[in-house]
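One letter stands for each residue in the lines below.
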Amino acid sequence: MSGLRILVPIKRVIDYAVKPRVNRAQTAVETASVKHSMNPFDELSIEEAVRLRERKVPVSEILAWTAGPAKAQDILRTAMAMGADRSIHVVTDEKDASSQLEPLGVAKLLQQVVQSEKTDLVILGKQSIDDDACQTGQMLAGLLGWSQATQASKVDVEGDMVTVTREVDGGVETLKAKLPMVITTDLRLNEPRYASLPNIMKAKKKPLEKKTLKDYEGDFSARLKTVKVTEPPPRKGGVKVEDVDGMISKLKELGAL
Amino acid sequence: MFSAARQSVLRQARTQLRRTQPTTIPQSSALSRLLSTLAVLEQREGKLNVSSLAAVTAGGKLGGSVIGFVAGSGGKAVAEEAAKVQGLEKIIYVDNAAYDKGLPENYAPLLVENIKKGGFTHILAGHSAFGKNLMPRIAALLDSQQISDIIAIEGEDTFVRPIYAGNAIMTVQSTDNTKIITVRGTAFPPPATEGGSATVEEGVDPKAECPTEWVSENLAKSDRPDLGSAEKVVSGGRGLKSKEEFDRLMPPLADALGAAIGASRAAVDSGFADNSLQVGQTGKNVAPQLYLCAGISGAIQHLAGMKDSKVIAAINKDPDAPIFQVADVGLVGDLFDKVPELTEKLKSQ
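Just so you know, the sequences run in chain order E and Z. For the first sequence, the numbering used here assigns the number 1232 to the initial residue and increments by one for each residue that follows. For the second sequence, the numbering used here assigns the number 15 to the initial residue and increments by one for each residue that follows.
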């Protein structure tokens, strides 16, 4: 077998450290002039793909892929600075409702990417921190009929066998499957590297192919209509107590003890 | 005359449901009677997982009949146990050891066959590791856009869910024929597990091949209440400084209260506590009567997992820590003094 062809789909999201605000019209979260970055779980995916290569697993290519507005190009450059070989950007128009993608639409796009790029392994984040859906990887595996290992905290590749330890309620479980397969990453999988300046410069020369939704076949339009987006109900401000006795009596007063 | 008209409405609606092409279901009161929900229940070693029953509660709120589904070896025994759960009309079971580990590669085709046979309009499961892993695969096979981790139901096609780590609440309306949904357990308390009288029926088993092999598992053993459903939770963060201190201070406090133990991501990443104890956006969501935390600053990702708790109490030495903005009771002080003192005083009561 020639080297693995790894596909790493990534997403541009509001930076995890930013507290999101709901817009005035209550239609969405305010995204204009808010710091964005690569979804943290996707950094883990890129890192894992690069580490597989560094661990001498034969990897012939790491392809980073995203669908998103023009600015999403930045995260593809970051991915290439971390070690991805090339990338594809499906440019969508933020203002055009028909190009608003949901996990099912993304999974259908990725199904076609996998087929045209002859991918052996897809590594995705377990969830994006904006929509918190946790769906795309599983949907893709279902559409392809491939094995899936979600919430991976350890990945070993030997020949065409992959052993994955995944985080489940109450502990971990280990699965074994043959390539091709889909893996989604969990926080404990690795510690993503920072892109060094020389690598950032090199990434500027790596190929970045631009596409649009029209380059893919099918209907990717949204099935869910957003009725409204609101702020969660605020918690009532509490009190500070002086000492442990004060805490116990206050908890009793509130009926918590 | 009048009833004939009503029947034709029903027939029309039924025909629409049977179509395989995606069509928009019209809002019609006649339709609500056809609504039927499949609640996918989890089992572990032949025992029903009670926390997965939130799907039954949520199904009940939809208004139609609620049918339970279990699969695995001893499926019939689990089905008989589940038949006592209130709110279930029927349990469909499949008795086959191939489904014991809930691997989506064969579990998804199994469910799809049973969904097609039963003509269900809504498929619900808990937003647990099992539900998160399995349901999107089913949604893809049925060409439906799943709705994850709902916290409320506003109508048969309209659901409420948190996004951005709970910093925004979104209401969505689904245009899919079959609605695939995972529910947040803390938002739908499980029904009584006694007193129900559901019928039990064997489901279809397509016996799909599973290309994935389950090798082993390593689950944290604990006699304490389950974190996801505990009445009280005590949780520790980076402020505990080491695993030794975490183990010295938190378990006695938990025992004094009869509480489950949780941890912040910082504590888990630093190796103070097991991964499965993590509370937050990427860990567990909890909503106990009392959430008592020590040495946790209160980052938004952590708050996402616990801010629906009834009462939040916090001990932190930094008076400006964000946790105090959500805490009902806050104590500024060194946790290495305050936690043992609190443990002693609670024990002596």
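The hints are simulated quantities; they were obtained by calculation from the structure and are not laboratory data. Treat the hints with care, since some could be wrong.
Pair by pair, the computed Cβ-Cβ distance ranges are [stated by the list, open to error]:
1) Z:234 - E:1387: 18 to 24 angstroms
2) Z:285 - E:1256: 43 to 49 angstroms
3) Z:230 - E:1462: 43 to 49 angstroms
4) Z:225 - E:1449: 23 to 29 angstroms
5) Z:230 - E:1346: 18 to 24 angstroms
6) Z:216 - E:1448: 56 to 62 angstroms
7) E:1289 - Z:211: 57 to 63 angstroms
8) Z:75 - E:1343: 37 to 43 angstroms
9) E:1287 - Z:233: 30 to 36 angstroms
Since the model is a prediction, treat every value here as computed from it, not as a measurement. We put the beta carbon where it would ideally sit given N, CA and C, even for glycine.
Each hint tested on the structure:
1. Z:234 - E:1387: 18 to 24 angstroms: holds, 23 angstroms
2. Z:285 - E:1256: 43 to 49 angstroms: holds, 45 angstroms
3. Z:230 - E:1462: 43 to 49 angstroms: The hinted range 43 to 49 angstroms holds for residue 230 (chain Z) and residue 1462 (chain E), with Cβ atoms some 44 angstroms apart.
4. Z:225 - E:1449: 23 to 29 angstroms: holds, 25 angstroms
5. Z:230 - E:1346: 18 to 24 angstroms: Hint violated: Cβ distance 33 angstroms, outside 18 to 24 angstroms.
6. Z:216 - E:1448: 56 to 62 angstroms: At roughly 41 angstroms between Cβ atoms, residue 1448 (chain E) and residue 216 (chain Z) fall outside 56 to 62 angstroms, so the hint is violated.
7. E:1289 - Z:211: 57 to 63 angstroms: The hint (57 to 63 angstroms, Cβ to Cβ) holds, given that residue 1289 (chain E) and residue 211 (chain Z) are roughly 60 angstroms apart.
8. Z:75 - E:1343: 37 to 43 angstroms: holds, 38 angstroms
9. E:1287 - Z:233: 30 to 36 angstroms: holds, 33 angstroms
Comparing the model with each earlier hint shows violations of hints 5 and 6; every other hint is respected.
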